[in-house]
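Participant: Here is what each chain is made of, one letter per residue.
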Amino acid sequence: EVLLTQSPGTLSLSPGERATLSCRASRTISASYLSWYQQTPGQPPRLLIYGASTRAAGTPDRFSGSGSGTDFTLTITKLQPEDFAVYYCHQYGTSLTFGGGTKVQIK
Amino acid sequence: EVQLVQSGAEVKKPGESLKIFCKGAGYSFSNYWIGWVRQMPGKGLEWMGSIYPGDSAISYSPSFQGQVTISADKSINAAFLQWSSLKASDTAVYYCARRGDAAMALDYWGHGTQVTVSS
Chain A
11 EVLLTQSPGT LSLSPGERAT LSCRASRTIS ASYLSWYQQT PGQPPRLLIY GASTRAAGTP
71 DRFSGSGSGT DFTLTITKLQ PEDFAVYYCH QYGTSLTFGG GTKVQIK
Chain B
3 EVQLVQSGAE VKKPGESLKI FCKGAGYSFS NYWIGWVRQM PGKGLEWMGS IYPGDSAISY
63 SPSFQGQVTI SADKSINAAF LQWSSLKASD TAVYYCARRG DAAMALDYWG HGTQVTVSS
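Protein chains in written order, with the numbering used here: chain A, 11 to 117; chain B, 3 to 121.
None of these hints come from the bench; they were simulated from the model. Errors might be hidden in some of the hints.
Per label pair, the in silico range of CB-to-CB distance [stated by the list, open to error]:
{"id": "1", "chain 1": "B", "residue 1": "Ala27", "chain 2": "A", "residue 2": "Ser17", "range": "18 to 28 Å"}
{"id": "2", "chain 1": "A", "residue 1": "Lys117", "chain 2": "B", "residue 2": "Lys15", "range": "39 to 49 Å"}
{"id": "3", "chain 1": "A", "residue 1": "Arg37", "chain 2": "B", "residue 2": "Gln67", "range": "20 to 30 Å"}
Even for Gly, the Cβ is constructed at its ideal location relative to N, Cα and C.
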């Protein structure tokens, strides 16, 4: 089973700042099978990015994904108030797993 | 419009059985995998397993194999998650989600079913 480790666990930033979230896999995975989700309290997760770097429908262009192999990154430029949430990476190769999540909170 | 509608909250006692559902609408239900995801109180997302309603092919996460049963009835566009004997540690929100065309990512999610197991 591929383990996904997200860091940091919590990111404290101010609106307008840039957020950089990391997702590291325990072994090489296909970038095609890496996605990112946003979850706000009391809501189901929402797909943001799939295939490591393709924005899902409705995802603002301040969100971008990158990476390959074992290291993947979600970047949010100019944080908006609605971006303070928990973010999860997810891989869906032979086995399927989620990372532990990164909470982006207001500083 | 694609929708996944899940059953309502449940409160059960340890040892009881339970079956919750996820009904799809607005798309060809048989042709997309449906996955189940657990979220324990204050915790992250855990992949439980998935089913392809078209032929009922099922894949379980090793952590959940033997602990739950996933099934589907394509005639009523529904997927199910069931327990034969609940434990307090099964208390969680359970989400269903569709694996979409876009590189099989989870593009639509149900609102979640809160399951509370308490004596």
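Participant: Would you mind marking each hint as holding or not holding in the structure?
Facilitator: Each hint, compared with the structure:
1. Checking the proposed 18 to 28 Å range against alanine 27 of chain B and serine 17 of chain A shows it is violated: the Cβ atoms sit about 38 Å from each other.
2. Checked against the hint of 39 to 49 Å, the pair lysine 117 of chain A and lysine 15 of chain B passes, with Cβ atoms roughly 44 Å apart.
3. Between arginine 37 of chain A and glutamine 67 of chain B the C-beta distance comes to about 21 Å, which sits within the given range of 20 to 30 Å.
Against the hints set out earlier in the document, a violation occurs for number 1 only.
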